Each structure stands twice: as C-alpha cells, then as structure tokens.
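Participant: Chains as they are written, first to last, in this note's numbering: chain A, 197 to 511; chain B, 197 to 511.
No lab work stands behind these hints: they were computed from the structure. Any given hint might turn out to be false.
Same chains, same names: a pair is fine if it fits in one copy or spans any two.
[As the list claims (entries may be wrong)] Using 27 angstroms as the maximum straight-line C-alpha spacing, the simulated BS3-like pairs for lysine-lysine come out as follows: (1) K296 / K347; (2) K288 / K347; (3) K386 / K347; (4) K288 / K257; (5) K426 / K386.
Note that the structure is a prediction, hence the values are computed from the model and not measured.
Protein chains: 2
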Amino acid sequence: MRELELLSHIYRSNAALPVGVSIPPGDDMGAVKVGGGAVLVTVDQVADGVHFDLSTDPLEKIGRKAMTRNLSDAAAMAARPVAAVAAACLPKDFGEDRAKTLFDVMHATADRFNCPLIGGDISMWDQRLILTVTVFAEPDGIDPVLRSGAKVGDAVYVTGKLGGSLITLEDPPDYTHHLDFTPRIDIARKLATSIATRPHAMIDLSDGLALDLARICEQSGVCAELDSDKVPISTAADITAKRSGQPAWQHALGDGEDYELCFTAQPGMIPDQIDGVPVTPVGRIVEATTGPRVSVRLADGTFADTAGLGWEHVG
Amino acid sequence: MRELELLSHIYRSNAALPVGVSIPPGDDMGAVKVGGGAVLVTVDQVADGVHFDLSTDPLEKIGRKAMTRNLSDAAAMAARPVAAVAAACLPKDFGEDRAKTLFDVMHATADRFNCPLIGGDISMWDQRLILTVTVFAEPDGIDPVLRSGAKVGDAVYVTGKLGGSLITLEDPPDYTHHLDFTPRIDIARKLATSIATRPHAMIDLSDGLALDLARICEQSGVCAELDSDKVPISTAADITAKRSGQPAWQHALGDGEDYELCFTAQPGMIPDQIDGVPVTPVGRIVEATTGPRVSVRLADGTFADTAGLGWEHVG
Numbered sequence: 197m198r199e200l201e202l203l204s205h206i207y208r209s210n211a212a213l214p215v216g217v218s219i220p221p222g223d224d225m226g227a228v229k230v231g232g233g234a235v236l237v238t239v240d241q242v243a244d245g246v247h248f249d250l251s252t253d254p255l256e257k258i259g260r261k262a263m264t265r266n267l268s269d270a271a272a273m274a275a276r277p278v279a280a281v282a283a284a285c286l287p288k289d290f291g292e293d294r295a296k297t298l299f300d301v302m303h304a305t306a307d308r309f310n311c312p313l314i315g316g317d318i319s320m321w322d323q324r325l326i327l328t329v330t331v332f333a334e335p336d337g338i339d340p341v342l343r344s345g346a347k348v349g350d351a352v353y354v355t356g357k358l359g360g361s362l363i364t365l366e367d368p369p370d371y372t373h374h375l376d377f378t379p380r381i382d383i384a385r386k387l388a389t390s391i392a393t394r395p396h397a398m399i400d401l402s403d404g405l406a407l408d409l410a411r412i413c414e415q416s417g418v419c420a421e422l423d424s425d426k427v428p429i430s431t432a433a434d435i436t437a438k439r440s441g442q443p444a445w446q447h448a449l450g451d452g453e454d455y456e457l458c459f460t461a462q463p464g465m466i467p468d469q470i471d472g473v474p475v476t477p478v479g480r481i482v483e484a485t486t487g488p489r490v491s492v493r494l495a496d497g498t499f500a501d502t503a504g505l506g507w508e509h510v511g
Numbered sequence: 197m198r199e200l201e202l203l204s205h206i207y208r209s210n211a212a213l214p215v216g217v218s219i220p221p222g223d224d225m226g227a228v229k230v231g232g233g234a235v236l237v238t239v240d241q242v243a244d245g246v247h248f249d250l251s252t253d254p255l256e257k258i259g260r261k262a263m264t265r266n267l268s269d270a271a272a273m274a275a276r277p278v279a280a281v282a283a284a285c286l287p288k289d290f291g292e293d294r295a296k297t298l299f300d301v302m303h304a305t306a307d308r309f310n311c312p313l314i315g316g317d318i319s320m321w322d323q324r325l326i327l328t329v330t331v332f333a334e335p336d337g338i339d340p341v342l343r344s345g346a347k348v349g350d351a352v353y354v355t356g357k358l359g360g361s362l363i364t365l366e367d368p369p370d371y372t373h374h375l376d377f378t379p380r381i382d383i384a385r386k387l388a389t390s391i392a393t394r395p396h397a398m399i400d401l402s403d404g405l406a407l408d409l410a411r412i413c414e415q416s417g418v419c420a421e422l423d424s425d426k427v428p429i430s431t432a433a434d435i436t437a438k439r440s441g442q443p444a445w446q447h448a449l450g451d452g453e454d455y456e457l458c459f460t461a462q463p464g465m466i467p468d469q470i471d472g473v474p475v476t477p478v479g480r481i482v483e484a485t486t487g488p489r490v491s492v493r494l495a496d497g498t499f500a501d502t503a504g505l506g507w508e509h510v511g
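Next up, chain A with everything else stripped away, as it sits in the complex (with noise of 0.2 angstroms):
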C-alpha cells in the first residue's frame, strides 16, 4: 500500500469540489474561502518510530520538528502562517514533565515563526508519541504559489544543501537536519514577492529532490533534467556517501526530510543567495516526454532514471 495510492483515492473523490475550496487537495496546502479572504491549511503528523526516535532524540527538537514541519507546507505555497492547533497522543508511562517540555518547545517554535498555537487536544494511550499538528496561513498579499505551474524552459532551483538529513553531525554539534531545519518562510516571500523572481511552481523537499520535482513536474504535465554536479551537496550528504559507497548526489536526490525548497523559474533572474541562504539552479523544465518525470545529466553525459530506488540507468 502506498502513500500515494490512497492520497489519490482521496484526491480524486473531491473531483467536484464545493463552491469555496480555492485550492483542492494536492498541493502543500488546500485553501478554502472565509469572511473575506483565503485560508491555506495543511496537516503533518510526527510519529515515534516513523519520523523521530523518542528513545534518542531530544524532547525539545521533536516538539520543535512537529512545527517546523507544517511551517515548511506554508513557505512553499509562500503564505503567511496564522495560527497552530495541535494533537497528541501521549504513550501512558510519559510522564507530565516531559508532557510540559514537549508542549512548551512546540509553543515556542510557533511563535518564534508568529504562528501562534491556539488550541489542541491530548490524548493518552498504550502506544507510542504521535504528534499532529495543524498550520494555517494566509496569503498576505501573495497569491500562494502551486505546484502546477512549472513551464518548459524554467530553470530549477533548490534553497540549502541537501542529503544526509537524518544523520548527526558533529560540527555543528549535535545538529540532525530533520530535526533542526529553518522553515524557508521569508526565503519564499522574498522570492514571490516580485514578478521577476516570483517561482512558477513551488515545494517544499521532504521526500527527496528527485520524488517531490516529480510533483511539480506531474502537476505542472512537463518533465525535468537535474545536473548531478549542480545539486548542492551537504555535508551529511557526503559522510553519508562515504559510509554507503553511493555517489553523494544520490543521496541528495533520494535522501529525503531536506525541508528546503525547490522551485521553477524564470532562468538567470534569481539570486545567488538570499539571507545567506544558498539559492542553486540545478537543472530545467522540458517538454514532456514518454520517459521519466525527473532525469538526472550525469558527469558523463549521459542520463539516469530518478524513480525509484535502483537509480536506473535510462541513457
């Protein structure tokens, strides 16, 4: 069963949606009309096991990455978090300290990006740490920027450095991507926020470079050429590569939980960097074709497939 699968099932029975839903489900959030305006929402769940170990990671960035998750929803539609409700389904034996810490890391987190948390729920149960939480955002004086509007002959281009997330570096100390990532809110902004720069199609990394391009390439009916040698490398990317013996671009394109953002634009209008952020052009849109949704142009020339995990070799 996958993901996917069952995200289209549901996609596909809002065929007709109701008079209000300005953005249907899809994109990094939906909108739907209110009062006088927009509201952008999207929901993220953080599961012990799945995207955190609460037997190792601390309390303070598991609370903080069931925020800053939801946050990065709202940087690549590049609208203005609101407001927070969050859940929890605490394990039996957790313990109100611990319950507190969690909550107040959370609290501080949305209000550091001025998203205050306004209401939740707490259960308890004989199962583990679950935390979901709820962003809205409003566009602000910014259309949302979607994932559908990617056109042939736009460059592509990723915010950071990727690959490697979920390993934990010494220098800085103790910094784990997945965990510690800045939401690229005001990056986005800045971005949309002028015609020249404003990107044609938008999202946020979470399941790789080379899976979430695919998105925007399936939403937006074009295809996409990465260049393996463009693609900024991490430093976890590359202790990664050593240890698997895969080349390091391979872990940038597959790796996953960048939380950085990847964009289409016009080519030769965007910024090197933006607030000391690295902005990198890493390949262009093409027409679409029969072949993959995502290739990558390797050292060699020649081309690889992206879809799935074999890194197939298509030319």
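Based on the hints, put chain B in the right spot on chain A.
Facilitator: Here is chain B on its own, set in the frame of chain A:
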C-alpha cells in the same frame, strides 16, 4: 497526569496572545483573524483502544466519528463548518481496501455536513490506528457562543438524552451513540440567531454533563445546580443503570461521549424541541460559592457533589 493539567499549562503559556487571536485556547474552538474575517479551528483525534475498538467497531462508524467529533465542537460555538483536514497513522498491515473505506466515509461525512475534506497526511507504522481531524469554521453572521458567558439566573439546558453512549442497542439495531451521533450544528445556529434564545454559554458534552458544565462554570465564574429528576435519560443509560446498579441519572451525568449541547440561557424562552430533538431544562446557574462547581439536587431534596467518581454527598 491529567489532561486538564496539561491543557492548563498550554493555556497559561498563551497569556500574552498575539494580536489577531480573537478566541484564545480553552473554548471548544480557538479563533484567529484572517483576511477580513475570523476563522475558528478545532482538532480532535480518535485512537484505536481509546475512542474506538478497531477489532469490533465498523470502519464506517470509526471514520464517521473522526469527523463528527470535531463538527460537534463547531456546533458548540454555533459556528458554520467550512473545511476539514485529516491525518491518519495506519497500522502497517491495515491494507489498501480498508484505508479507502475509511477515507471514503470520512469524506462522505464531511460532505454531509458541508465541510469538505481539503487535505491530509497519511503515515504507516507498527502501532495502532489513529485519526486526527482538524475542522475550521466561520461565524457566518452569528457571533461565536463562548463557554464564559453564563449568568446567575440562567437556566441550564441540554439537547437530546444523555448517558450510556458506549453501549450498543438492539433498537435501533446496532446503534452505539458515541459512533452514531449527529453534531447539533443546525440546532445551535437556530438558537443563537435570535436574541431571545441565544445561549449565554455553550459546550458540547464529550466528558459528561457534570464535568462539561463545570467547565462552563469555571470559565464564567459561577456555579450550577442540576435537578437529578429533570436530566433526560437515554434508553442506553437506563440499560447501563440496570447493569451497574447505580441510578440512571449518574450515568447521564458521568458517562460522557453524548456529543449533545449543554447551554445556559434566559429561562422560559427556549422551545422544548428543535427539529424533533428535545431541549430540556435541567438546572440553573447560581452564584459562585466555595462548594462544588456543579451540584445535583436529588429527589429527596439533598444535594450531591458531581466532582470525581465518588458522587460524594455534600448536603
């Protein structure tokens, strides 16, 4: 560790709420200003082994409850539901067919109450099923009814009949109230639209009349007296009382999961039924004392405390 203590901890840390939060945490829904209007929001989770039993309860009813539990919170504010998002953490062996059934019924239930499901997050893990639904709503011309407006001299009302919500009835066949209830959205909005009948304070009954009315009293700075012989007793409460040997009114006050409305209003103005659902005066709001928040007057004229499980007599 008590849920209430945890929630209090969250609410205290929200003492300095940012501009834009129009209803702070602690009511049935929070609210925040977006665009030109206010958006109300609530989140609730239903977990296997806590809120339903996956081994015996039909999937159709589980998915329904995940939605209706939140819609009942919207009813408690007299708000109009606008949209929902859902997160599911599925056991790894759950299977695609059952997942589709679950999402189909959540989707159909959302549509049935004009509250389209516009997004979601699906994960899989080796633990039990948990569904988390966030509903947002708008006032749509009716100021939200809070918990904090109860006045001395108000009558206390409940919709429907209370108690025994967890048992399955033979008549109607296979009816289990906590899985089959109808959120009282229309009734709440009909009451709140007229000055004469507008509730001063309202809550939906999730933890039992005694505890939920105490929440209204706490937030309104008042106390309440219930009349044991006026509380409407459900068939299920009668059956449960025969099994337990306790008076049926104790089950009506304490069993929980009724998802009926409890509200306070000017006496003498409320019709005895709305849309075929009984609306019953069950007591009155009195001045705050050092005694119990909610006491119950028994048939012999003595009063009992409703706090705790002991049903401790206090006078």
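Participant: All hints are to be evaluated individually against the structure, with a verdict given for each.
Facilitator: A quick look at each hint next to the structure:
Taking the shortest alpha-carbon separations for K296 and K347, neither the intra-copy value of 48 angstroms nor the inter-copy value of 34 angstroms comes in at or below 27 angstroms. For the identical chains of this complex, K288 and K347 are neighbours neither inside a copy (51 angstroms) nor across copies (38 angstroms), given an alpha-carbon limit of 27 angstroms. When the C-alpha separation of K386 and K347 is checked against a cutoff of 27 angstroms, the pair qualifies only within one copy, where the shortest distance is 21 angstroms, while the shortest distance between copies is 50 angstroms. Within a single copy, K288 and K257 get their C-alpha atoms as close as 21 angstroms, and across copies as close as 26 angstroms, so both meet the 27 angstroms cut-off.
When the C-alpha separation of K426 and K386 is checked against a cutoff of 27 angstroms, the pair qualifies only within one copy, where the shortest distance is 23 angstroms, while the shortest distance between copies is 62 angstroms.
Consistency note: the structure conflicts with the earlier hints numbered 1, 2.
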